[in-house]
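**Student:** Sequence:
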Amino acid sequence: MDELFGLRNLFYTGSFQQVINEGSSRTSVSESAKLERKIYLYRAYIAQGKHNIVITEIKDSDPIDLRVVKLLAVFLQSKSSSQASETKKEETLKELKEILGDTANLSNATVQIIAGMIYYHEGLFEDALKVLVRHNRNLECVALIIQIYLQLDRLDLAKREIAATKTWAEDAMLAQLIEAWVGLRTGGDKYQEAYYIYEEIAQSPSSNTVKVLNGQAVCNIHLGRYPEAESLLLEALNKNNSDPDTLVNLIVVSNLIGKPTEVVNRYITQLKEVAPNHVFLQDLDLKTSLFDRSAQRFALA
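Start counting the sequence shown at 49; every next residue gets the next number (the numbering used here).
Keep in mind that the hints were calculated from the coordinates and are not lab data.
Note that this is a predicted model, so its numbers are computed, not measured.
Glycine is no exception: its CB is placed at the ideal position from the N, C-alpha and C atoms.
Don't take every hint at face value.
Here are the computed distance ranges between Cβ atoms for each label pair [said to hold, decoys possible]: (1) Gly-97 <-> Glu-170: 16 to 22 Å; (2) Ile-305 <-> Asp-333: 36 to 42 Å; (3) Val-181 <-> Tyr-244: 27 to 33 Å; (4) Gln-240 <-> Ile-305: 18 to 24 Å; (5) Asn-289 <-> Ile-101: 18 to 24 Å; (6) Gln-330 <-> Arg-273: 27 to 33 Å; (7) Asn-69 <-> Gln-330: 44 to 50 Å; (8) Asp-237 <-> Asp-333: 35 to 41 Å; (9) Ser-133 <-> Ser-252: 35 to 41 Å; (10) Pro-275 <-> Leu-332: 47 to 53 Å; (11) Asp-237 <-> Ser-78: 42 to 48 Å; (12) Leu-304 <-> Leu-205: 29 to 35 Å.
Straight-line distance between alpha carbons at most 25 Å, and here's what the computed DMTMM-like set of lysine to aspartate or glutamate pairs gives [as the list claims (entries may be wrong)]: (13) Lys-98 <-> Glu-143; (14) Lys-238 <-> Glu-227; (15) Lys-238 <-> Glu-276; (16) Lys-137 <-> Asp-175; (17) Lys-136 <-> Asp-110; (18) Lys-127 <-> Glu-143.
Please build the complete structure, drawing on both the sequences and the hints.
**Tutor:** In structure tokens:
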């Protein structure tokens, strides 16, 4: 029996507060599950942006599984433009390299996924893949490998990876989510298949999360069902009005529907407040600058 089956699924679908609630409970679990439950507890705090809780509570004397989770919290907290944060980030990457230098850690599933995440966030995809490919049927490692392939525009490798994974994890919720991601990149009939996956997952109240609602909405956008997409995104916004993905998708669908400019600008302003360095905003600034430069060439006398 898998004692943490439900907890994992809550984490994968983005029910982070429920993960924290269950991870903090006094429910009895076996000794082997206690450490893993703590790992998901602290990763849920990280997902909520509460890095200091993780950094404060995990000690140097704790097992490597927890120490590497603390390293992720330190790294993500340091992702800013200040010199002090840049130095802290470099120290974190150096410490990670030392951890990976111990061959005993290379087969540790938690070390693999956390190291892969740190390298992924830093854009060091080759380094991430070198660690992740050592996995022994770990779905989280597979999920991150496929995310990297999609970032690199290697849909062929993503499809090959998921085909191999389905031979041993076809019915797992995370495997279904991975298939939906690949389906969204593949297009055509796969858009509808991806929507069905998200729709089925959303049937459970605990899984009808901001992440899953955004997944359904993106499928609807690709299928040309813009009002349905907007409805799902507004539901997600009610659950969390500071989620960057929801705001980006609302900006997109509002433009597609033809919403007034002030509505679109309102979402852009919200995004700037909650995620000022978001890649969408960086791209928007670049496109605006290019447009203004081009427009000057055709200025009326």
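**Student:** Next, verify each hint and record whether it holds.
**Tutor:** Quick rundown of the hints versus the structure:
1. Gly-97 <-> Glu-170: 16 to 22 Å: Given range 16 to 22 Å: holds, Cβ gap about 18 Å.
2. Ile-305 <-> Asp-333: 36 to 42 Å: violated (24 Å)
3. Val-181 <-> Tyr-244: 27 to 33 Å: Holds: the Cβ-Cβ distance is about 30 Å, inside 27 to 33 Å.
4. Gln-240 <-> Ile-305: 18 to 24 Å: holds (21 Å)
5. Asn-289 <-> Ile-101: 18 to 24 Å: holds (22 Å)
6. Gln-330 <-> Arg-273: 27 to 33 Å: holds (29 Å)
7. Asn-69 <-> Gln-330: 44 to 50 Å: violated (36 Å)
8. Asp-237 <-> Asp-333: 35 to 41 Å: Distance hint for Asp-237, Asp-333 holds at roughly 36 Å.
9. Ser-133 <-> Ser-252: 35 to 41 Å: Holds, at about 39 Å.
10. Pro-275 <-> Leu-332: 47 to 53 Å: violated (24 Å)
11. Asp-237 <-> Ser-78: 42 to 48 Å: holds (44 Å)
12. Leu-304 <-> Leu-205: 29 to 35 Å: holds (31 Å)
13. Lys-98 <-> Glu-143: Distance of about 22 Å is within 25 Å: holds.
14. Lys-238 <-> Glu-227: holds (9 Å)
15. Lys-238 <-> Glu-276: holds (18 Å)
16. Lys-137 <-> Asp-175: holds (16 Å)
17. Lys-136 <-> Asp-110: Holds, at roughly 21 Å.
18. Lys-127 <-> Glu-143: With a Cα-Cα distance of about 16 Å, the restraint between Lys-127 and Glu-143 holds, given a limit of 25 Å.
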